[in-house]
Amino acid sequence: MGIVVKRLLPSALLLAIVIVWGWTFTVVKDAIAVHGVVPFLAVRFAIGSACIGVFAVRGAQRRSLQTGAWLGLVLAAAYLLQTFGLRHSTPTNTGLITGLFIVFTPLANRVLFGVRTRRILWAAIAVSLCGLALLTGAGPQGLRPGDGLTLGCAACFGLHVALLDRYSKGHRAVTLALGQLTSATVLLASVWAVQGPIGWPPAEVWPALLLTGGICTAAAFFVQTFAQQRLSAVQTGMIILTEPIFAAVF
Numbered sequence: 001m002g003i004v005v006k007r008l009l010p011s012a013l014l015l016a017i018v019i020v021w022g023w024t025f026t027v028v029k030d031a032i033a034v035h036g037v038v039p040f041l042a043v044r045f046a047i048g049s050a051c052i053g054v055f056a057v058r059g060a061q062r063r064s065l066q067t068g069a070w071l072g073l074v075l076a077a078a079y080l081l082q083t084f085g086l087r088h089s090t091p092t093n094t095g096l097i098t099g100l101f102i103v104f105t106p107l108a109n110r111v112l113f114g115v116r117t118r119r120i121l122w123a124a125i126a127v128s129l130c131g132l133a134l135l136t137g138a139g140p141q142g143l144r145p146g147d148g149l150t151l152g153c154a155a156c157f158g159l160h161v162a163l164l165d166r167y168s169k170g171h172r173a174v175t176l177a178l179g180q181l182t183s184a185t186v187l188l189a190s191v192w193a194v195q196g197p198i199g200w201p202p203a204e205v206w207p208a209l210l211l212t213g214g215i216c217t218a219a220a221f222f223v224q225t226f227a228q229q230r231l232s233a234v235q236t237g238m239i240i241l242t243e244p245i246f247a248a249v250f
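What the sequence shown shows, in the numbering used here, is residues 1 to 250, in sequence order.
If you are wondering where the hints come from, they were derived from the structure by calculation, not from laboratory data.
All of these numbers come straight from a predicted model, not from anything done at the bench.
Among these hints, one or two may not hold up.
[What the hints assert, rightly or not] Computed Cβ-Cβ distance ranges for the label pairs, DEER-style: (1) Phe55 x Leu8: 19 to 27 Å; (2) Arg166 x Val191: 22 to 30 Å; (3) Gly196 x Lys6: 45 to 53 Å; (4) Pro202 x Lys6: 40 to 48 Å; (5) Val127 x Leu15: 18 to 26 Å; (6) Pro197 x Leu9: 39 to 47 Å; (7) Cys130 x Trp200: 40 to 48 Å; (8) Gly148 x Trp70: 21 to 29 Å; (9) Val194 x Ile120: 40 to 48 Å; (10) Leu8 x Gly199: 41 to 49 Å; (11) Lys6 x Arg58: 21 to 29 Å.
Don't be surprised by glycine CBs; every beta carbon is placed ideally from N, CA and C.
Whenever a hint applies, use it, and build me the whole structure from the sequences.
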């Protein structure tokens, strides 16, 4: 029984995070209309870094922080593309196109690391994507201006999953997550500073910032790192692929 629980725990935790991610598509769309894409993301990741830093600073290894730091740059690029795309599209379309990362993950694994994906898994990916389109009902809504940016986001998320699958082993999950969130915060804050003056977020976006920063960023990327130390890239991807369904439902 203990072995079964140990094997199911990473999948169950990751699925719980995916449900919350799906819920927050609508929350984020409303918040960025008030505060802007880059300011929202910069504060969100700053909150996430602060939250996880409380647990990760003690015993943090420099090697893990460095590995997480460059993974965080890919993560920041993915969120920039996704959030700008969401601004000019619908939560359902954004969720569905983001789900295409499941195709980019094995492609990145193949190109970068020479990892072959079995034909049965490619078939499962194809069937899952077809089912996803039917379940979300995204097709009839048609393409929106932001959908191209979201496709770039899917490529970045696929790359992030492949890289995390490759390099997460042998590190404390919490330290690796801190490295990712900190480097993403620095990059996003730098873009914000270039865009214009940095200001305090308005009161109406703080609930969305605290939710996405604490749960959808700090807790979520700790869980994803923890899960990918125990699951393959394709297994991880198939769980995250359910996110658009929850985005459409919420």
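* Asked: Looking at the structure, which of the earlier hints fail to hold?
  -> none
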